[in-house]
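A.B. asks: Given the coordinates of chain D, assemble chain E onto it according to the supplied hints.
So the protein sequences, as listed, match chains D and E.
To convert, note that position 233 of the first sequence is 233 in my numbering; the numbers rise steadily by one, no gaps.
To convert, note that position 284 of the second sequence is 284 in my numbering; the numbers rise steadily by one, no gaps.
One thing to keep in mind: the hints can contain errors.
[Stated by the list, open to error] Below 30 Å or equal to it, Euclidean Cα-Cα: the simulated DSSO-like pairs (lysine-lysine) are:
| # | chain 1 | residue 1 | chain 2 | residue 2 |
| --- | --- | --- | --- | --- |
| 1 | D | K79 | E | K447 |
| 2 | E | K187 | D | K98 |
| 3 | E | K345 | E | K283 |
Calculated directly from the structure, the hints in this document are not laboratory data.
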Amino acid sequence: MPMTTDQIKVSIQRGEDRTDVFDVPAYENQTVLDVVSWIQQYADPTLSYRFACRVGMCGSCAMMVNGVPRWTCRTHMSKVCDGDTVTIGPLRNLPVIKDLAVDMDPFFDKWTAAEGVHHPSASRDDPIASIDPETPQRVTANAGIECINCAVCYAACDTVATQPDYLGPAALQRAWTLLNDSKDSARTDIIDAISGNDGCHNCHSMGSCTVYCPNELDPMSAIAGLKRETATAFFKRRGNA
Amino acid sequence: MYDLDHHDTDILILGTGGAGLFAALHAQQTAPEGTKITVAVKGLIGKSGCTRMVQGGYNVALGGGDTVERHFMDTINGGKWLPNQDMAWRLCEQAVVRIRELENEVGCFFDRNPDGSLHQKAFAGQTADRTVHKGDLTGIEIINRLMEKVLASGVEKLQEHRAIGLIPTKGGDALAAVLMIDMRTGKFRLVRAKCVLMATGGGPTMYKYHTPSGDKTMDGLAMALRAGLKLRDMEMVQFHPTGLLAGDHTRMTGTVLEEGLRGAGGQLINHAGARFMFDYDKKGERATRDVVSRGIYAEMRKNNNPEQEGVYISMSHLGPEWVPKKFNGMVKRCADSGFDLAAGKVEVVPTAHYFMGGVVVDVDTRTAMEGLYVAGEDAGGAHGSNRLGGNGVANSTVYGGIAGDTMGADVGKMVLRDPDPNVLSREMERALHPLNRTPDTVMPLRKALQDVMWDEVGVMRTKTGMERGLSGIAQVSDALMDVGVDGCNLAFNLTWHDWLNLRSLCDVSEVITKAGLVRENSRGAHYREDFPDAGALDKSDYTVAQMDGDAVSVTREPVAFTIVRPGETVLPDGAPETLVAAQ
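Chain E with its partners taken away, still in its complex shape:
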């Protein structure tokens, strides 16, 4: 009925952000000679994905008083004691190697001090000047250089191939193949591989306001869920406090106005024309992301003026000449959408930014399913309940490299496996579902889901709100199954992909909400108005979601304090609380 192209490789990598590209390079370095490596991506190599969008930089302890121990403690404290400590440790330790690899082998050039050494700065939540960067476009430098390496390396490329299903063996304990759609032709392609890395990125775009790249729809986690894998920390959605608000008809809405604006003295102004952040935190606008996001959200709820939904960020008191010099990129970006950041004020709103939750993996990126590895934002554990600015790109590059090394070492012991035909046909039918129904517009449903998630499962949450959220998600989800897509030409059919995107977003939204209901305390990014306390740190647990029959079930697992217990530190006695000079 529908064509299915069969394709075999040895190592298959899904995604070309920091994790996927590093995995491709490392797999080439460690796999036996003659190993075939294939990179598949929903967009173009190096162009889709969020590592490229990193502004701030890369956290790595490189001396000057800073240590891996200090980076680790900041990561654990930032994650409110929920991180998997072994993963957090490996992240901090290997970041030191990875940054040297980026500079020396991949060819990145990070900003220098006048004496020629690397320049490092401190983001909120860090106790040392730790973040290596290239201006405020660090991700572009990292991904451009990685992309060149991978393009020149001769790996097989499957561009504009979206993965839609993980197909296990009949027994279900090993991964056999990945079902994809070749988006350019609209045909199915089944790729068998001995080892598969899932590095498709998170990207919580089921919220009305969101920062990630437009191709991100959490397809990876939706596939992992259906394949029966355990997902942890799924309630943990990080909101960046200052997303651009430009109306619901423009893709610019939700995109980030960088953290540095507040650091430099930018003021947040409410609907009454007053600064308000000092009502919420003694650091005012310079408080951490989660605190500022909640402050803005609280002010938004107080306001009844439909003409002004968000609050304003104002920079003009710093000098309309100075602002474009210091924040040229941001000023130009605002100007392109019709706003004057330097001399005027720009309306902003908290915006869904990063997903801390993900597939349960070990420190070598292995999963419970033989042959499947997960790295980057698709993997859970390293950040716990909150990710520090600068730890995201460190995570994707560190664990992408580890995944490449691990697959390179494992692939010799693995064989190509036969996919379960029942799962395969089920996954194909799932994708074909809308093509047999009366065509209708998909976008109103996506907007409906985004409203539900923003209103009920967003910056501040309650039990009753999340329960309303669950029924709202179910309504959208059910309605989507009645929306058809005209299948007369499936080549580069974005509307079909809009449908599949929304399918993934509905599935993951339900998991986020159910995990949010189970966590009856407030940690990091997850804030319960009905349970505002953090709970006992030494009795911390993390949520684990998994398919149980046809339903998602969420349980709790105790955090194993394998390296350090709450109240303790791995820093030496008498170590100063912070090495960062007071502002």
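For reference, chain D alone in the conformation it holds in the complex:
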């Protein structure tokens, strides 16, 4: 939808009880990040936000735009302008540092808690493994590998909103990728990490993670895979007991 006005009315949420409104000049090629940057550079030098790569590779600049989590660097204003207004706030489900910048540590702490790290089965002295890229297992591992940990899914997740300790979609999707990676050697550790009280069984399959992922990844299906896998592992262990 082309914008019809020369000015955009931008509401910025700043802390619990404060919203500031700015008139920002509209341009043909303009992203939400450009609007936020313009406000800081020309209207209110104290406005805080975070960005780095500006092209959807680093996952630093996600914010709530009209109540929906988005990469601001890759969201064209024409996509989000409601007439001539837009509302921007800090990413949901994470502590706010100031204005639009949130503390992403809880998100990454959960990534680590879900065993979201490669567990080597070989060293730099070994040759690189021959791996058929077309096996179903590898295709499944590849499905989630391009996650840039922007926390959009985490902000979209209503379960995280009500159960703050829930590991969340990104960390669980990473665990699922590792479970399907034939090079990873810590299957049991991963299953233990994601099947506890804060793990995959909290997911109600509402699917916001998959709907809002800017990379078109599918964490909901990854979590469904984990649920199946933990059930299988549970029965296998009982069988071995």
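C.D. replies: Coordinates of chain E only, in the frame set by chain D:
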């Protein structure tokens, strides 16, 4: 007056791109037990920095006819005989180990051939299919996996801590501490360490069009300059030929449209609607980056239409259905900024991409200052006058790992040192300077600097242009000192950091320009219209810039051909010129 928090550690790493993260892992592997390792970064761990933005891939000779010798010769030829040969050799040799480490220990998964072996392709300037990759998002795979390892490793994290000054001991021969701003609170923090790695990355964002991450402002090299270190090859700024042109009000402008578009048959069209690259090179659009950048720049200068500044890249003749299949990421990125890459044409412009220059180091990343190590884009020497596509991430990961190993081995012999209080207070005053002046907008000055550098010290250079450039830089630099920043709340105060960023960019811009004036020939990325010849290769020299009192001085040092001389090769007799099948 201003709070200064004191903090001690054993090994301090500045930056979390490929170099910083690898250094953190290797330091943990090699340092004595109980060594405290701290990682500090201007943004978030793994999210700032340019390794993450690598599209193409990782150069490494892994057989199939390719050898370390061949990779080395391509690197030397690509760098037009200016590289430090020992550094280039170590880069090529250790890349073989590092790629196995990335796959086997760090957990990266690079693209495979149907038979399960690694897929390798050839970029321009390579004589073998050498580049390992993960689609066209190789950097994300490498940094995500490294970041996970470092986050899980328990190193101390200082996120959103920007380094603003290297503080030596009173004698000045050893590094004692790094002065930082904790950006979240706006307070100063002085971190003493026995060993410090500077791996803050280059990032020539002082040009109107540039590709690097928005946090990159060459703070590392500006700090090194002030600390009296020697910087080499500072005139060498690599331009990528096809940056997106979307207006000066959007951060999308300057971001890269990948090399593969031209490789696949993408055409460059000038303001008159004609292809032009064959006027400049027989390979047309498939010529190397520097040649295509100059071709585009020359066409831009011929055009008087202010409505069209750049040229166009056109893919539609390849099939509007085929293009999104092959270049999905690029098509989506263009669409998000309002352009149709698949069926339409997209305006492009050469864009400052990579900085070959940097601190003079030895092959173990040591510098002339005890306790300071430099790796990645902050270090000079490995690439000479031009970096081959795929050698950047190899360089950051190889030398980051080496730095970690070297610091791990050295730290036991080192002690915490006392910082020179005079330098410390000078560096603090420097950062506080704008807070005592009337607030004004910083951005117009940044744009002014970017215009000067693009116009006068850019893709094609002349003596008179660079001299105009020097006075333009000085004007911006002086004007900046009169621009204040409201200091009422320094917590996450991006405007203060915009000021500090521009301060670094002005300082390094001057060095680039002075080094450019000293090099009176054309090599790789540095093209002098008034000295278009390369000069005698066997008499090659490289520039060295250093503070001399209050001024920057630039001298020349002869290149030491420690492994191979111009006209010779380390390849065996009868080795084919290239192993790459003709396109």
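A.B. asks: Checking each numbered hint in turn, tell me which of them this model violates, lowest number first.
C.D. replies: none
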